[in-house]
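K.L.:
Numbered by the numbering used here, the letters in the sequence shown go through residues 1 to 488 in order.
In short, the hints are calculated from the structure, not lab data.
This structure is a prediction, so every number in the text was calculated from the model and none was measured.
Just so it is clear, CB atoms sit at the ideal spot from N, CA and C, and this is done for glycine as well.
Mixed in with the good hints there might be a few duds.
[As the list claims (entries may be wrong)] Estimated spans, in silico, between C-beta atoms of each pair:
(1) Val390 / Ala36: 46 to 54 Å
(2) Ala185 / Gly253: 39 to 47 Å
(3) Gly246 / Ala476: 35 to 43 Å
(4) Pro463 / Gly296: 42 to 50 Å
(5) Leu486 / Thr8: 49 to 57 Å
(6) Asp28 / Gly178: 23 to 31 Å
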Amino acid sequence: MLLLRHATDLDLDTVRRVAWDGARLRLDGGVLEHVARQRAAMLDALRGHEVYGVTTGTGYRGGQALDAAARERWQHGLLLGRAVGGAPYLPRVEARAVLVVRLVNLLSGYAGVTPELCRFLVDRINDGFTPAIPRRSIGCAGDIIPLAHAGQTLLGIGSVLSDDGTTEPAATALRRRGLEPYVPAEKEGIALLAGAPAAAALAIARHREAVAVARQLEWSTACAIDALRAPLEPYTAEVAALAGDGLLDVVTGRLHARVRSGDPQRKTQAPVSFRVAPQVLAHLWRTVDRLADDVGRTLGGVSDSPAFVGGRFVSTGGFHAIDVAAGLDALAAALVRAAELAGQRVHRLLDSRFTGLPDQLTDAPGAQAGMVVVHKRVTGVLNELRRRAVPVSIGLADTSLGQEDAMTFAFEASENVREIVPLVRDVVACELLTARQAWALRDERYAAGLAPLAERLIALVRPVHDDRPLGGDLAAVARLLADEELFR
Numbered sequence: 001m002l003l004l005r006h007a008t009d010l011d012l013d014t015v016r017r018v019a020w021d022g023a024r025l026r027l028d029g030g031v032l033e034h035v036a037r038q039r040a041a042m043l044d045a046l047r048g049h050e051v052y053g054v055t056t057g058t059g060y061r062g063g064q065a066l067d068a069a070a071r072e073r074w075q076h077g078l079l080l081g082r083a084v085g086g087a088p089y090l091p092r093v094e095a096r097a098v099l100v101v102r103l104v105n106l107l108s109g110y111a112g113v114t115p116e117l118c119r120f121l122v123d124r125i126n127d128g129f130t131p132a133i134p135r136r137s138i139g140c141a142g143d144i145i146p147l148a149h150a151g152q153t154l155l156g157i158g159s160v161l162s163d164d165g166t167t168e169p170a171a172t173a174l175r176r177r178g179l180e181p182y183v184p185a186e187k188e189g190i191a192l193l194a195g196a197p198a199a200a201a202l203a204i205a206r207h208r209e210a211v212a213v214a215r216q217l218e219w220s221t222a223c224a225i226d227a228l229r230a231p232l233e234p235y236t237a238e239v240a241a242l243a244g245d246g247l248l249d250v251v252t253g254r255l256h257a258r259v260r261s262g263d264p265q266r267k268t269q270a271p272v273s274f275r276v277a278p279q280v281l282a283h284l285w286r287t288v289d290r291l292a293d294d295v296g297r298t299l300g301g302v303s304d305s306p307a308f309v310g311g312r313f314v315s316t317g318g319f320h321a322i323d324v325a326a327g328l329d330a331l332a333a334a335l336v337r338a339a340e341l342a343g344q345r346v347h348r349l350l351d352s353r354f355t356g357l358p359d360q361l362t363d364a365p366g367a368q369a370g371m372v373v374v375h376k377r378v379t380g381v382l383n384e385l386r387r388r389a390v391p392v393s394i395g396l397a398d399t400s401l402g403q404e405d406a407m408t409f410a411f412e413a414s415e416n417v418r419e420i421v422p423l424v425r426d427v428v429a430c431e432l433l434t435a436r437q438a439w440a441l442r443d444e445r446y447a448a449g450l451a452p453l454a455e456r457l458i459a460l461v462r463p464v465h466d467d468r469p470l471g472g473d474l475a476a477v478a479r480l481l482a483d484e485e486l487f488r
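Build out the structure end to end from the sequences listed, making use of the hints.
P.N.:
Encoded structure:
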């Protein structure tokens, strides 16, 4: 049970522990008292004033005042008409992450919500109530469409995800829990709708995946370096220090630790795709780390608009999570660059001029295809990856009759990275399979630092002496890549 004493307690690690690991939350009395004080002050400030989205319409009709009867229905209605999405939906863990990140702004007090809403949301997170939130076609400012889908389920509207991946009506899920639908108080509808918590939640998910595949790229790079018998000077601390880059020092050190005890007989100079591997991997890790920094900053900021600050309502642009969207675009490009370099290394490993081994890594080149078709698979994967390297967060459009004329497309950027990661992992599997075949032609000799992975590969995939279908071997390597502990 994680006790939340302040909104800032919901940091990156806490979101992961709750959304992915299933940790439960409990609200400290102090944070609820803070929310209640802010709520009372907000209601006092609201009297006699026009406030966007609270006493007025939104978007193009933001200047239209609402009468008392309309205001009573308004906060409820805000969450209905904007829920225009559909399947495919976010996975359960990511939808849970959206709820957890949504809680950050609510607990900050800047949203002006009631303690009851905060308690209700925490209870739904704890009991596994998970909204069906669309993954695609989100062309709005902020996260309005996905947050409408998320927020309306608390009201017993829309759908939630079942344990088996199907959906059920939110009203049914609430009844099974013996609960009545939540009735939003004044300003709570727009508080559930405003900001960019979903963008931050998806960036956390993509960051997790990127860390895993970056580790795998490091290992496959080291295997290729060893299989080629590339000179080790580019991977020494002395050479890395020339760049004055601490992160490059770390990445180079990990590579060197894995390959340093290999065959001392090496070529004078390896192809560029081998020599610049530390630089490309360091860039990938820097991009991954920067995305985490962007998300951390987003979690610590206020993205509500209007926000209740210093006793008054202020209109903000905090919902425009461009750092997150652009960070996802940068991550996409960095992953594709690393995969391209791996593809180049695979091709070099098939060439006797670079390896000293038979062409195509077969004893009978020409009569046998060997590993050459593995490289053709890589070529096909890279074709798709290059198309996915195009930035997604660029390309503004007018919506709401011109009132909402800027959006980040963070959801689309997240979906792009979601598609990229398994494609990069496919290239990694091809590089590992190619290195394994090179080791077979070197009497199964490999650097001692690669032993944890090399031993598993050799046990998993038998050498290719005669042509055979290699799709099954690549699938087996792909399953090996699912063992995250092996690649830490």
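K.L.:
Could you run down the list of hints and mark each one as holding or not?
P.N.:
Cross-check of the supplied hints:
Between Val390 and Ala36, the C-beta spacing of about 48 Å keeps the proposed range 46 to 54 Å intact. For Ala185 paired with Gly253, a C-beta distance near 56 Å fails the hint of 39 to 47 Å. Against the hinted window of 35 to 43 Å, the Cβ-Cβ separation of Gly246 and Ala476 comes to about 37 Å, which satisfies the hint. Checking the proposed 42 to 50 Å range against Pro463 and Gly296 shows it holds: the Cβ atoms sit about 47 Å from each other.
Hint check: Leu486 to Thr8, Cβ distance near 35 Å, so the stated range 49 to 57 Å is violated. In this structure the hint that Asp28 and Gly178 lie 23 to 31 Å apart at CB holds, the actual value being about 26 Å.
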